[in-house]
Amino acid sequence: MAIARHQLTNSLTLARNIDIARHELEASGRVSLPRRRAIWRAMYPDIETKQGRDVGHRRLVLLDILAVQRVMPLWRAVFPTDNSPALMLRIALDTAFDRTDPVLAEKTRDSLYVDIVENRSYAKGQETAMFVGHAAANTIITAVFQGVPDADAEIDDDDLDPEGFEPSMLAAAAEAGGLPWSEATDRKKERAFWDWYLGSAIRRACEMTGNEV
211 MAIARHQLTN
221 SLTLARNIDI
231 ARHELEASGR
241 VSLPRRRAIW
251 RAMYPDIETK
261 QGRDVGHRRL
271 VLLDILAVQR
281 VMPLWRAVFP
291 TDNSPALMLR
301 IALDTAFDRT
311 DPVLAEKTRD
321 SLYVDIVENR
331 SYAKGQETAM
341 FVGHAAANTI
351 ITAVFQGVPD
361 ADAEIDDDDL
371 DPEGFEPSML
381 AAAAEAGGLP
391 WSEATDRKKE
401 RAFWDWYLGS
411 AIRRACEMTG
421 NEV
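Just so we're on the same page, the numbering used here is the position in the sequence shown counted from 1, plus 210.
Please note: incorrect hints may appear among the correct ones.
[What the hints assert, rightly or not] Cut-off 20 Å, straight-line C-alpha distance, at most; resulting in silico cross-link-like pairs (SDA-like, lysine to any residue):
(1) 334 - 399
(2) 317 - 296
(3) 334 - 284
(4) 260 - 418
(5) 317 - 300
(6) 260 - 221
(7) 260 - 355
(8) 334 - 390
(9) 398 - 338
No wet-lab data here; the hints were simulated from the structure.
Please put together the full structure from these sequences, using the hints given.
See below:
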């Protein structure tokens with residue numbers, strides 16, 4: 211019964227945070243990192259038990275995977291035979307479900323991050339592919355990191371070191387053709403991504419754990 215009460219409370223908290231995020235999206239065209247953190251924390255059915263933390267953590271990994279999959283065609287348009295991002299999503303999924311060694315997963319992530327973000331050259335207009343690859347790499351970071359998100363943290367996306375950019379923001383940047391603070395960003399596409407994220411992706415990530423909210 212205690213778990214059920216936690217689930218009900220968190221479901222209401224999640225719905226409330228999504229509603230707040232929708233107002234934020236309407237006002238600014240995006241969803242800030244502090245608001246996303248509040249949503250992520252509310253996706254945990256129970257932070258007091260290992261089972262609840264495991265389910266919540268897997269939901270966050272699945273949410274990142276869904277975000278990257280949405281923009282994967284932008285990668286394939288530039289690198290049609292390179293499956294590195296898909297491989298990283300598989301590693302992230304296996305890590306979240308305890309099917310692979312997280313230390314090995316992080317080493318693989320670091321190697322592929324360097325290849326995709328630091329060592330490759332991108333022609334003008336191909337930066338979106340780099341955002342996709344970067345998002346896939348950092349989905350492994352989501353999978354390796356076991357802590358519950360801090361809903362009170364005020365750090366936003368532009369406060370982060372670029373290597374630590376969060377996968378959903380990078381996926382939004384890929385779809386919109388630029389980072390949130392770039393003049394080149396297509397605001398209509400950026401808004402469409404976050405509308406999908408709030409309206410479909412979060413619910414789908416929860417459903418995929420077998421625990422609807």
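- request: Output the numbers, in ascending order, of every earlier hint that fails for this structure.
  value: none
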